[in-house]
Amino acid sequence: MPTTHTPIQRKLMVIILLTAVTALLATRTGFFIYEYVTFRDAVRRQVATVSHVIAANSSAALAFKNAEDANEILAALRAETHIAAAALYDSSGALFARYPADAPNNIFPSAPGLSGYRFEKLSVVGFEPVTQGDKFHGTLYLRLDAGVILREWLRDSIVITVIVIAGAFILAYLISKRLQKQISVPILALAETAKAISLRQDYTVRVPTRTGDELGLLTDAFNQMLERIHNQSLALQERERRFRALIEQSADAIAVIDAEYNFTYLSPSISSVIGFSAAELINSHSIDQVHPDDAPTVRDTLNRLRTEPGKPFRLVWRSQHKDGQWLWLEGMVTNLLSDPAVKGIVANFRDVTERIRAEAEVRKLNTTLEQRVVERTAELESVNKELESFSYSVSHDLRAPLRHITGFADMLMNRSKAKLDETSQRYLDIISNSAKQMGVLIDDLLVFSRMGRAELRHTQVDTAALVDEVRQDLATDIGSRRITWHIDELPIVHADRAMLKQVWVNLLSNAVKYTRNRDEAAITIRCRENEQGMWEFSVADNGAGFDMQYAGKLFGVFQRLHTAEEFEGTGVGLANVQRIIIRHGGRVWAEGKVDIGATFYFTLPIPEKSPHDNTKTDSADRR
Amino acid sequence: MTTLRPILLIEDNPNDVELTVAALKGNHVANEIIVARHGGEGLDYLYGRGKFAERPLGLPAVVFLDLKMPKVDGLDVLRAVKQDPELKTLPVVMLTSSREEADLIESYKLGVNAYVVKPVGFEQFSDAIRQLGMFWAVFNEPPPQ
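Residue numbers (our numbering), protein chains in the order written: chain S, -8 to 614; chain V, 119 to 263.
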């Protein structure tokens, strides 16, 4: 019987042969039954014919009760070899003659039965009335043994059947062998191609199409499928090549480890990172590559990321380069074990030794720097304390003798004015004035030193009010002079009021002082928000001005661009201005031209917008 | 007020003592001027002890107090005066060369009645002393004894 493993060719063959033989057998069986029925009929008819003849022949013997004749007539049945027994019964039903003559009584029926012949087992048995005209003389009994005839007939029939079936079988085999090729050859070609493809992974092979039937369609479909697979595999290869190139050309090393933390993939760049090639490390345990001190952390992180698939973890650890050097590596590690495309934990990492070293260096430097700052601050604080006590002594101890000089010189003058000549009086005046001048210098110096040290107390300062106040303080200096003031709208600023006042006092008193030789003095105070988002104030005058090449000296302590005879002063005022403005986070500078005038500028930061800052809105329009 | 109360000047520098006294006298301040040469002596006078044990009873109209003195300095004296319930109503004027902020703040915290920086110029100095003398010793009504 064909099984699922039998080749299709044999399957087809067996199916065809089985079908042919079965059909033939069925036909033959029907035929056989028909023949058998016909055969039996013929036998019965033959017996009836014989019995008819015998009955006709024996009517006389029965009519005359001549048993000898009757037995002779029956003995003629010897020619009929198949007749097993025959008997004649007289009209009363008693056995009259028998064949064979020596047969015992018990093989014959004791009395004649109904006329007609029938099969009894393998015999044909029957009775025939013996009559002459209408006169009934007796009954003939005949028994034919059909077994032998039946056997002969059966033998012939079987022989014929076998011969026919064998012939048909051979014929069917020969025909099917030719015809099944039309089906099996294209299928086998498909099978062969499929096998070749699965073995060689070559999707460019095509199966030749030979027929236009369903097999042809199947082959076409198969070829189309191959075409599509070929295209898809080309696209896949292209993609794979691209990703591989991305991975392999990446400066970062990429490693994939399995659930036991063994390397299953390492990108070629691994060798540029830690010296070992991918082949040297593959299948080795990843933790073995980690510095013993870092191994617990790395293992912890790996265990932790197992519980959070897909989440990248940052990891920094040390690994030993092939040359023995320890490297700092930093990377992102992601659990993609459940991703069917990866089935691993992916780490991409790089050498950050230089960075870590630099960071350590920076940290060390910072610590040193902080230490240094602490030391310097302490030093500065102690220097500052010294300075304070110094200025305290200056303020107290230096001024006292000056006061004594002026005091006693004045008292001497009062007491002895009449006795002293003019020169002596002038000498006493010089002594007194010089001492006073020194007192002013000391006072200015003390202010200057205080400006540098005193803490800033920031408040909202209304510049317009402050400028007004300063102008009033200067009223005595101005006296009857004619000065034209141009003053912009001025903002409220965030500053130490006392210190800012010093700035305005210095700038405005300078402007007043250096314009005193002008018949028509003009002082202009402006304010604008500059490009750096700061208030920029300026005080311009049309006074003596200065040579720009000395502009750098303007703000130095004790630096003066005019002699005391031209314009009095100690050279501390502008130094103070600079000090105060710088402490407020601003900048100060000046422009000037000899005999034309000078403009002093300073800036102050604008604090974050607050309700107080809305005062200066239209200054730009006024300019 | 029948008799003028004295002015107590606590000043260690003899030049300053002489200038101050000259300025007061030159400006016709008639009050007696008692000079203590350091803080301790000043307190001795106020408490009527030491070399001042025999002095007549009564407190001065005003104390002119120098800030910087050896041993017991001006701030010590001021502190002692203002912490003593008997003395704390006594007017004390700091008369000093120092404009140091710390000194100013400390003095006012302790309850000083005035703080005057001695000008360098004698005329201004003399003027300042005159005004102080006139105000505190003549016009100002001292607390009742």
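Hints may be right or wrong, so weigh each one.
[What the hints assert, rightly or not] Distance condition first, Cα-Cα at most 25 Å in a straight line; then the derived PhoX-like pairs of lysine-lysine: (1) LYS172/S <-> LYS2/S; (2) LYS227/V <-> LYS186/V; (3) LYS186/V <-> LYS200/V; (4) LYS227/V <-> LYS200/V; (5) LYS186/V <-> LYS427/S; (6) LYS410/S <-> LYS143/V; (7) LYS206/V <-> LYS186/V; (8) LYS169/V <-> LYS200/V; (9) LYS169/V <-> LYS186/V; (10) LYS376/S <-> LYS355/S; (11) LYS376/S <-> LYS143/V; (12) LYS427/S <-> LYS189/V; (13) LYS206/V <-> LYS189/V; (14) LYS169/V <-> LYS376/S; (15) LYS227/V <-> LYS206/V; (16) LYS143/V <-> LYS408/S; (17) LYS189/V <-> LYS227/V; (18) LYS410/S <-> LYS376/S; (19) LYS189/V <-> LYS376/S; (20) LYS544/S <-> LYS584/S.
Calculated from the structure, these hints are not laboratory results.
- Could you work out which earlier hints the structure fails to respect and list their numbers in ascending sequence? 10, 11, 12, 14, 18
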